[in-house]
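Respectively, the protein sequence lines represent chains A and B. Quick note: to get this note's numbering, add 55 to the position in the first sequence (first position is 1). Quick note: to get this note's numbering, add 2 to the position in the second sequence (first position is 1).
Rather than coming from a laboratory, the hints here were simulated on the basis of the structure. Watch out, some of these pointers could steer you wrong.
Subject to a maximum C-alpha distance of 25 Å in a straight line, what follows is the list of computed PhoX-like cross-link-like pairs (lysine-lysine) [as the list claims (entries may be wrong)]:
hint, chain 1, residue 1, chain 2, residue 2
1, B, Lys140, A, Lys128
2, B, Lys8, B, Lys241
3, B, Lys17, B, Lys221
4, B, Lys48, B, Lys221
5, B, Lys140, A, Lys91
6, B, Lys133, B, Lys8
7, A, Lys91, B, Lys241
8, B, Lys48, B, Lys26
9, B, Lys133, A, Lys128
10, B, Lys26, B, Lys221
11, B, Lys133, A, Lys91
12, B, Lys8, B, Lys26
13, B, Lys17, B, Lys48
14, B, Lys140, B, Lys26
15, B, Lys48, B, Lys8
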Amino acid sequence: MGKNLEQLLADVLQIPATEVTDQLAMTDVEVWDSLKHIELIASLEEQLGVQLSFDDIVAMRSVGDIKRVLNNKGVTV
Amino acid sequence: MDLGGKQIIVTGGVKGLGRAMVEKLVSRGAVVTVFDIDVAGFDSLKQELPDVQCFACDVTNYEQVSGAVEDYFASRGAPDVLINNAGILYSEPLIRITGTGLQLHDADMWERVLRTNLTSVFYMTTSVVGKMIARRTKGVVVNIGSVAAAGNPGASAYSAAKAGVHALTQAWARELGPMGIRVIAVAPGYMDTDSAHAATSETALRETIKRVPLRRLGKTEEVADAVVAVIENDFFNGKVFELDGGLTI
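Extracted from the complex, chain A is given alone in its bound form (with noise of 0.2 Å):
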């Protein structure tokens, strides 16, 4: 991975790093609708190398969310 999580979720969503929390969710950041979300999964299997299914990317709804599921994969953040 060439930079950590939070670093890549901060530039996707065009945030700094320090915002990124583990409470960080959806409804906080204006910019995190549905079309970023894609431009996040897609970031997130790039990086991380790994294949997160339909069920997964419903599932991340919050920073929290995202760590949950990688790390249910076997991916350390």
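Go by the hints and put chain B onto chain A.
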């Protein structure tokens, strides 16, 4: 994308441009399924191409599209390619001055042309791509547009519908690209098809041919070749491939 063994849906594949695409794709080893309202044409298609599967479906009817797509996924799984080809040619000016006065564009025909050429593309694509995304399947959507999208005098409804198809192509390419689904349009110019001859007077066709730098109408096989080319090129996305003999230069 190598076409060998790929699952491809072609709407309106019984006759005309769609038939030419089906024949070309089958010859390249693709597994083709036709969605068409022309059930009477299924027999001749199956006689020529027995491996082609046919689904009776009016693509302007959302319930029929949903049902046929559901059946398709249940029997064949996710397609690799969807080709939105079904449509109708129609010419009518916005206003026509006749011996008895002013005749306005038929409002019912406006609705029918938009529904057949544009709404059907939305119905098919949302139904198929929705299931592809749910299964995380990558693939290609090819929309058959037209050079008339630039605004063809005497063809308000058709021009508007095809312009809409081109716009959807660009919007969907941006939306779906990150998920590995390419969206492309192929825009034929004036083609030598039965429907073109039926919708346009021979005089008008002769005048059109004079405006085409190559001085002829396009062949259906050439459109099929263009469709194959854009499917096979994995970096072609969000663009309209114009195949018009140089008419729009």
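Against the structure, the hints come out as follows:
The straight-line distance between the Cα atoms of B:Lys140 and A:Lys128 is roughly 21 Å, inside the 25 Å bound, and the hint therefore holds. With a CA separation close to 22 Å, the supplied pair B:Lys8 and B:Lys241 stays within the 25 Å bound. Note on B:Lys17 and B:Lys221: the hinted pairing holds, with a Cα-Cα distance of about 14 Å set against a maximum of 25 Å. About 23 Å separates the Cα atoms of B:Lys48 and B:Lys221, which keeps this hinted pair within 25 Å; it holds.
Distance restraint check for B:Lys140 and A:Lys91: the Cα-Cα separation of roughly 18 Å lies within the 25 Å cut-off, and the hinted pair is therefore satisfied. A hinted pair counts as satisfied when its Cα atoms are at most 25 Å apart, and B:Lys133 with B:Lys8 qualifies at roughly 17 Å. Taking the CA atoms of A:Lys91 and B:Lys241, the gap is near 22 Å; set against the 25 Å cutoff, the hint holds. Annotation: proposed proximity of B:Lys48 to B:Lys26 holds, straight-line Cα distance about 15 Å (limit 25 Å).
For the proposed pair B:Lys133 and A:Lys128, the alpha carbon gap of about 23 Å is at most 25 Å, so the pair holds. The hinted pair formed by B:Lys26 and B:Lys221 meets the criterion: a straight-line CA distance of about 13 Å does not exceed 25 Å. For the suggested pair B:Lys133 and A:Lys91, the alpha carbons sit about 20 Å apart, so the restraint of at most 25 Å is met. Using a Cα cut-off of 25 Å, the hinted pair B:Lys8 and B:Lys26 holds, with the two alpha carbons roughly 13 Å apart.
Annotation: proposed proximity of B:Lys17 to B:Lys48 holds, straight-line Cα distance about 12 Å (limit 25 Å). A threshold of 25 Å between alpha carbons decides the hint, and for B:Lys140 with B:Lys26 the separation of about 22 Å falls inside it, so the pair holds. Our distance criterion of 25 Å between C-alpha atoms is met by B:Lys48 and B:Lys8, whose separation comes to about 19 Å.
The structure fails none of the hints (numbered hints given earlier).
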